Each structure stands twice: as structure tokens, then as C-alpha cells.
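Use the sequences and the hints to build the structure in full.
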Amino acid sequence: MVPLAKLLGIAPLIASGVVAAPWNTGQSSTTHHIRALGPNRVKVKSYHPETTFKTYGVTGMDHPLSKRGINASSSDAAKQFLVSETGTHPDEVVHRTGHTSDGISNEYFHQQLNGIRVANAVANVAIRDGKVISYGANFVKPRSVRPVVAQISAEDAIRRAESVTGAKYNSYPLVQEYFIKDTGDAVLVYSVEVENEETHEWYSVHVDATNCEVVNIVDFVHHLTSYRVTPFTSQDPTDAGFILATDPYDKSASPNGWHQYGTTTATSTSGNNVLSYTGTTSGTTSQSSPINIYDYIRNPDLSPSGGPNPDAARVNVFYIANMVHDLTYRYGFTEKTWNYQQDNRGLGGLGNDRVEIEVQSHLPGLITVPADGRSAKIYLGAWSQGDGAFQNDVTVHELMHGIVGRLTGGGTAKCFTTAEAHELNEGWADAFPDLIQRTTAVDRDFSIAIWANGKNLRTYPYSTNISVNPRMYGDASTASDALAIAELWAVIWHDIIMLLIKERGFASNLLDPTLTSGNTIALHLMIDGLIIQPCNPTFITARDAIIQADANRYNGANKCTLWKGFAKRGLGYGATTIKANSDTLPPGC
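Just so we're aligned: the sequence shown equals residues -20 to -1, 1 to 569 in mature numbering (1 follows the signal peptide of the UniProt record, and there is no 0).
Don't read these hints as lab results, they were simulated from the structure.
Predicted model only: the values in this text are computed from it and were never measured.
C-beta: ideal position from N, C-alpha, C; glycine also.
Derived DMTMM-like pairs (lysine to aspartate or glutamate); straight-line CA-CA distance at most 20 angstroms: (1) Lys482 to Asp425; (2) Lys23 to Glu181; (3) Lys111 to Asp56; (4) Lys435 to Asp216; (5) Lys111 to Asp42; (6) Lys544 to Glu483; (7) Lys316 to Asp230.
Here are the simulated distance ranges between beta carbons: (8) Ile446 to Pro566: 18 to 26 angstroms; (9) Arg48 to His69: 17 to 25 angstroms; (10) Ile96 to Ser64: 21 to 29 angstroms; (11) Lys121 to Asp82: 33 to 41 angstroms; (12) Ala421 to Lys121: 50 to 58 angstroms; (13) Thr564 to Thr32: 21 to 29 angstroms.
Below, the structure is given as C-alpha cells:
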């Protein structure tokens, strides 16, 4: 075995350049993500082989088993379709999970080599009425496959992961996987999870099991680039002040209320979906009077930590996060689609993973998003002008990262490792509060965190007026600022939302998903698109998933409206990954 000290000594000289490598601006943002991590700002690279994503409209595509007259399960049908479409050997295609909602079966797979899972080769297939309606896959035929026997110990891999990231192994069981490098080689790796609680970092590190090289890092953290409560549709206290919300929980999404999980009934800001606290997870807010009355009045003349203000803050974020849980549950983010709950009530998925929110943190806004079965953690701090716990759009932004991370790729939280996917994630996180914090059909501009920050966090307001927000798809090819690309995706959604509202009307009760108003349609398509899009989406594949989501749910009734929204910002029918503007519409529009 090679001594660890020697391996650490040669790390800067590793030929592939994964650790301590120079920035390579020539690599595609749709497959690579290069950034600096850890206390020493070590430059690391993540890689996800290019994904093929195809959609088949309203009619769908026959799968091989149906052509032979075989009545197959959706998972078997999806597997045979992948084998046929990708040319992958059946023994290499492994079903990982799946679920059926609204008549659509979504099946998720990974590739294996020598009986060992490939960490970054995945696929998803959507089936309706026995026909394939979309699929995404990045299965590979490796140039070479390393032996299945590790040449270093698990302890060596742990030490290597810790030394590169500056974080500590969190005792989550190590697994051996194959990882496809951008050279096309499949290397055996240890997957090691490390955390730094002081800096709120959490990584899954892939360490080459033959030479201790770090070949990939998945970052579980998403930063913000920046029952007396503010109403759910309010961005901050200036919108509508405070109300005493009575029984706000949704009986379908949270049938036992917000404070009961399993055999436990809490009388604090601790519940099945959310835990809000200050300092430590025991620092919750208790009821102000029996039973489960949380009536703490914020005093604006005191500091965030003064008087009743910490209690008011914990109660407000507990309410907002639970409302987001219940709303998105109604639209498809449920136990079987890997949502966040302590008790899943036997309805699928893994439990013990409610969202934990620390208020008055030293961080203004951040979320860690691990896989299903482990809690997401949100940190909300005091901003220059106010306590971020009352800046609801920021709270909703962070929660949306958790939703996006779970719905895309089947609950793994590992499908936003490329630069473009990461930036799209930020765009969804802005688009979600823009959508749900509307109270009328009026075409209004939307800015983020003005109350707590003193100014808009974004370069421009999100506006349908291009003179107010000039972001265009063609600019993304030269954008050096990742935020610019995130803002582009968010303003595309802003335009689409308003087009749908003008076409279909506005629903004041967004909690009723059966309505066919513009804003309910937009939320359905947002959630449905996330479920069917491929791992590490691009502008093109994310767009196509939304178009397909409309075909799936509404038989394409909104197809042309959606295309008009995309084309307005240059992401029209003729757009490609080259990122030149296209304002063309498809035939029939």
C-alpha cells in the first residue's frame, strides 16, 4: 500500500488535474463544474457525462416489450427501453427507484460495471398508458475499467477526503462505486461523506481506490448568491404586516397537523416537516399558551435577539416552511417523490429527514441538500436592515433548492454538479417565490430581499419588460457571472408565469391544484418538469422537460404559450447549447 504521506505529497502533480489544477475555461458548463473548496481553497472538478434527453409529446413511444405483446411493469418496460435506446447491456442497467403519480410512472436507473454501481451514470424514464413519453440517460461505454479490488484502505480514503476539503468524516457508511472520468475511463472509488459544522460545508468525495486521487466532489450545500406570522404570500413584513394564522395546515399534505410525527406530539417549533431553532436544535420556541398557540409579537425597536424577537422569528420560518411543504405536496412533492418528513406514514420514500432551520445564524441564507432520508439544513441570519427570518422570499428560495435537489434524479441530491445545472438551480429558487407570492393577476416586477437587504439582491428586477430586465439566452455564452445565468432562467419563468396568467387567469387559492388557472398550471409544470428532466439539466433539456410536462398533464394545451415565453428570451425552437438567441416558434405555433 502506498503511504498516505507520500500520496499527499504528490497531490499537486496528479496528471488528471482534479486536485490543485488550474481553471479550465474550455470545458463545458453542462458536463463540468470547477470551483475552489475548503479552507485552502483547493480547486476541484466535478464531471457528469453528457446526457441525452428525448421527449415524445402527447402520443408517446412504444417500448420493446409492448412491440412483442408483453404486458410488463413500468420498471421492466423502462429498463428494456433504455437497453434498446442506449445499447447498454441489460446486466448493466439497474432499477433504483420509481413512483407513479397522475397516471405517469417515473422510473430511475443507474449503470453498473462488474456488479458495482457507477456514481455518475444515471437514467430516468417516464411512461404513461404503456408508452414512453420521455427519457434522459448518460450511460457510457468506458474506454477502460479499473479492477474491482481497492488498492488503498477506507481509512486512507477518509483521510484524503478530509485533507482536501478541510471537513471531517461524518460516519456515514463508505461505499465503493465506479466513477467515469472525463477521459472516458471508469475508476473504482470510495464515496466518502465529510462535513464541517462550523463552516456549514457538506460534501460527498469520490476518492480513487487505486491511488488516493480525488476524482469528484458533490457539494450538498446551496448558497444564496446572496402562529403570529407574516402571511405566506408576503415577501416581508411591509407587505401585509402580521396575522394570527389559525389551523393553516393542509389536511391532505399534513393530516396530523404540523407538530405530530410518529408517536410524538410536540408543543414547540418542532414537527413532522420542519424544525426551527436558534443556536442548537434544542433551541426551539415553545407554545405561548395551550394548546399550540404561538403568539409572539415582534418588537421592531429591539435587535433581532432582543425580547420576543427570537421566538417570533422561529415561529415565522416554521410557518413559512410548513406552508411550502403543504403546497408542494399538493403538486406532487410527496413521500414517494422524496420530500422532507420525519414520519412518511408508510407512503414511500425515507423518513427522518424534516427540514432543520437555524434562525439568527451568522450566515444570511444557505441550505444543505442531501439525499432522501437525511435532513436538509437551512441557515437564516440577520441582514443589514432586518432579520432574514422575516424575509419570506429568501426562506422560500432556500426551500426551493431542497425541492429541486430531491425531485431531479430520483431523490439523490447529486444532479446539480455541472456549472450550468448549478446556475439553473439558483434560477428555479428565485422563480418559486416569484410565483407563489403573487396575490393578483397584475403584471408586477419582482425583486428579492429588499426589506432585509436594503436593495434588490439581483442585478435587475424580474420583469416582463425587456428594457427593465434585458437578460437574453445569447448573453449566456459570454456571461462570466454565474448569477447572470441564474437570473436568465428566473426571468424566463417570470415571463412564462405572466403569459399563462394572461391566457388562463389567476387563482387566488394556489393550494387547490385542480384549478386550471395560469399560476396553478405554472406550478404544476415547474414540479412536473423537475421530475422528468435528466440529471444535470441544461437550458435546453430543462426547457424541453417543461414542454413535455405540459404534454403529459394538459395534452399540450399550453405548448405555444410556453414556447412564446422561451422564445422571448432567445431560448426558442432553434436554440442550441451554443447559446445564440433564437426567437423562432415550432410548427403549429
